Amino acid sequence: MIGNYLEIIDRANTGPYITEENWDLEKVALTTASLVEKFNLKWDPNDIVTGDGALADSIFDAGFELACRIGAYNRTTERIVEFDRSELESGINHLPQTLIMGEGKDARVLVSRKVMDERPPIVWAGNPGAPHPEELFLPCVLSWAQEPIVDLITCGSLAHVEGREIRTADPIEILATRRELSYMREALRRVGRPGMGMLAAQSSVSELGDLAVAHPDYLRPCDSHLVPMLNELKLDNRNIARAVNSLEYGMRNASLFCVIVGGLGGDAPGSAVVNVASFILGNLTLLTDYQLLHPIHMRHVATTTREVLWVENIVQLAFARNAPCIIVADIYPKSGALTRELLYETAANAITITVSGGHLEGCGSADGLLPNATGLECRLMGEVGRAVAKQGMDFNQANTIVLQLLDKYEHIFNLPEGNPGVRFDQAYDLKTLKPVKEWEQMYLEVKAELRQMGITALN
Amino acid sequence: MVNIEEHLKRIQESIIQGNNQVSLESCKAALEDGVDPLSILNKGLMSGADVVGKKFEKGEFFLPQLMLAGRALKAAMAIVEPALEEYYAEKGTSGDTGVIVIATVQTDIHDIGKNIVSSMLTASGFEVHDLGVDVPLKTIINKAKELNADIIGCSALLTTSMPYMRDLIDLLEAMGERNRFKVIVGGASVNPDFAARIGSDGTASNAVKAVQLAQSLIHEIRTTPGL
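Sequences listed follow chains A and B, in order. All you need for the working numbering is the position in the first sequence, starting with 1, plus 228. All you need for the working numbering is the position in the second sequence, starting with 1, plus 196.
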């Protein structure tokens with residue numbers, strides 16, 4: 229198995245040359261389209277949380293073939309990073325099955341979950357990447373870190389530091405990312421869980437921030453950071469640098485795959501195929517510890533559309549059956565704080581992920597574009613996930629409930645301005661760090677509805 | 197001999213199918229049979245692009261179909277454009293629909309949204325020069341000056357790359373070139389408030405509206421004395 233990043237760098241410097249435009253169209257789009265046809269891949273918008281194992285296997289086979297046929301692309305060197313079948317198979321056979329995050333009594337073990345696994349999903353709370361004004365950053369993080377159901381935390385990004393705006397690749401990213409980690413560590417201390425594991429370094433788009441916080445005072449080796457694969461099946465030297473730095477430091481690499489549903493892979497089945505290939509190739513090129521599943525909708529961004537829910541479901545099913553690994557799936561609802569739809573979206577996404585074999589990360593409320601996320605929806609995400617696992621919910625029941633929830637929130641995708649809700653400080657009392665009465669009441673009502681729908685183990 | 201309607205239908209279909217070989221051959225055959233290039237452009241190529249755009253908006257087509265249509269259009273324009281120039285010269289009229297330089301600004305490598313807008317603008321008859329992603333501000337400005345562009349289109353998905361769009365406008369001001377170009381901005385986090393705050397000439401929430409914005413700006417440029 230390839231376990232050496234030098235080999236990846238060599239291949240990225242010497243592989244076959246291709247322009248990025250031809251990579252996108254000739255390699256990714258056309259090869260995926262031909263595989264969708266070859267494997268006769270279709271999806272049913274009313275069977276979103278599907279238990280169709282044969283379909284999942286075909287999606288997996290098509291994704292494997294895509295990875296085999298085209299490899300990955302380094303857009304810095306404009307070279308293809310190729311792998312042969314045996315290398316890809318070996319990579320799959322060595323996918324990590326357990327991973328300890330955090331340290332001491334606060335440590336948690338991420339496992340490779342099975343479909344309909346009764347072991348609860350890990351609850352990883354936060355809104356990765358959502359821009360925050362500095363004064364709201366710590367209260368926001370505290371709002372989810374203080375929730376007892378939360379196992380691990382993540383965060384948004386700082387939009388300003390010392391009154392200065394953060395710019396990509398600007399030296400200020402170093403300060404911003406260190407400041408972010410200082411707030412994160414402070415949050416862990418304040419809630420009395422200093423060893424809790426984190427996914428962080430969100431305030432720097434370039435590699436500068438990652439390099440600046442690879443230090444035990446900031447990100448510890450027991451934490452993780454993101455190494456994204458770019459759309460689609462692409463790397464660049466900046467992100468390889470992130471991975472290399474992390475490996476040298478001994479920290480966890482989380483590979484982020486934001487496959488665009490409706491993008492180069494086409495409709496949902498092709499996008500699922502690209503997602504499978506991304507996992508297989510990301511595992512080798514970015515030397516991943518766990519896979520972060522985050523397909524996004526071409527227009528609506530959110531992970532709660534029918535298409536994206538289906539992709540999250542089928543990709544996890546495909547891996548659980550063919551190449552078990554640790555999958556953490558993102559929840560990025562369209563709606564924001566203090567809207568009922570945010571809670572419906574969160575529940576639909578949490579059900580889908582839990583039944584399909586993933587762990588829960590979120591919520592990137594309001595599409596992760598605004599500081600309109602709170603700890604309350606994280607609490608609901610965790611409660612729903614744990615209840616679904618505990619009662620051993622099957623695919624049929626999960627699908628029935630998710631369809632009911634879609635009926636309650638799907639209208640928001642037609643709202644011209646989305647459904648952003650309100651900023652954190654309007655949904656939470658900043659002094660007590662508790663949800664305002666109206667928000668708490670909404671949460672209690674939606675929970676009651678969820679129980680009525682069949683999530684009987686929801687306390 | 198194939199009649200005009202059949203020629204135009206075949207050209208339209210080649211764009212909808214995204215077949216660059218067929219679009220090239222169909223346009224060639226139509227020109228050889230004496231079909232006027234303006235009809236080929238409007239009733240064949242643009243009509244096909246319009247169908248693709250509508251199907252994309254409805255969610256019936258996806259990004260690959262849009263890209264393939266753009267490629268087929270580009271292939272066809274390689275032979276239709278010279279014929280059009282001759283046609284306009286003979287008629288003594290102008291086919292000037294506007295020149296747009298478009299790019300994702302420096303430090304941002306996201307290109308899907310920009311590519312869609314770029315394809316839709318091309319499909320709507322604009323002369324589009326897409327400079328790609330992570331493009332330095334000076335490169336964008338220099339290209340716009342070199343091409344005597346009407347509009348500069350900037351894109352940034354990352355909130356931390358959005359300030360560079362303001363820098364571009366500030367740089368144009370500093371260079372004394374701001375009035376020479378209309379500047380439009382786009383990206384997931386860009387809203388009308390941001391667009392106004394940085395002194396741009398507008399933004400649009402999707403590709404169809406971006407085309408409408410560009411059309412209205414071109415109209416303003418062509419009808420306002422001194423612009």
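Check the hints yourself; a few may be wrong.
What the hints assert, rightly or not - Derived coverage of chain A by chain B (criterion: at least 3 residues anywhere in the stretch with Cβ under 8 Å from a Cβ of chain B; other residues may be distant):
hint : region
1    : 389-396
2    : 458-467
3    : 479-492
Unchecked claim - Derived Cβ-Cβ restraints for the label pairs, each shown as a range:
hint : chain 1 : residue 1 : chain 2 : residue 2 : range
4    : A       : I328      : B       : M371      : 19 to 27 Å
5    : A       : E331      : B       : E369      : 49 to 57 Å
6    : B       : D366      : A       : N624      : 54 to 62 Å
7    : B       : K254      : A       : N687      : 42 to 50 Å
8    : A       : T326      : B       : A370      : 34 to 42 Å
9    : B       : L343      : A       : R417      : 28 to 36 Å
10   : B       : L343      : A       : H639      : 42 to 50 Å
11   : A       : S262      : B       : D232      : 37 to 45 Å
It should be emphasised that the hints constitute simulated quantities derived from the structure, not laboratory data. All values reported here derive from a predicted model rather than from experimental measurement. C-beta: ideal position from N, C-alpha, C; glycine also.
B/D366 versus A/N624 beta-carbon gap, inside 54 to 62 Å or not: holds (58 Å)
A/T326 versus B/A370 beta-carbon gap, inside 34 to 42 Å or not: violated (57 Å)
Outcome, coverage of the region 479-492 of chain A by chain B - at least 3 residues whose beta-carbon is closer than 8 Å to one in that chain: With 4 residues close enough to chain B, the hint holds.
Beta-carbon spacing of A/S262 to B/D232 - inside the hinted bounds 37 to 45 Å or not: Hint holds: Cβ distance 38 Å, inside 37 to 45 Å.
Assessment of proposed distance window 42 to 50 Å (beta carbons of B/L343, A/H639): Roughly 44 Å apart at Cβ, these two residues keep to the hinted range, so it holds.
A/E331 paired with B/E369, Cβ distance criterion 49 to 57 Å: holds (52 Å)
Given coverage of the region 458-467 of chain A by chain B, checked by CB-CB distance under 8 Å (3 or more): That given contact holds, which follows from 3 residues of the region 458-467 of chain A lying within Cβ reach (below 8 Å) of chain B.
Beta-carbon spacing of A/I328 to B/M371 - inside the hinted bounds 19 to 27 Å or not: violated (56 Å)
B/K254 paired with A/N687, Cβ distance criterion 42 to 50 Å: Hint holds: Cβ distance 43 Å, inside 42 to 50 Å.
Status of the given 28 to 36 Å range, CB of A/R417 versus CB of B/L343: violated (57 Å)
Within 8 Å of chain B (C-beta), three or more residues of the region 389-396 of chain A: With 4 residues close enough to chain B, the hint holds.
Of the numbered hints listed earlier, those contradicted by the structure are 4, 8, 9.
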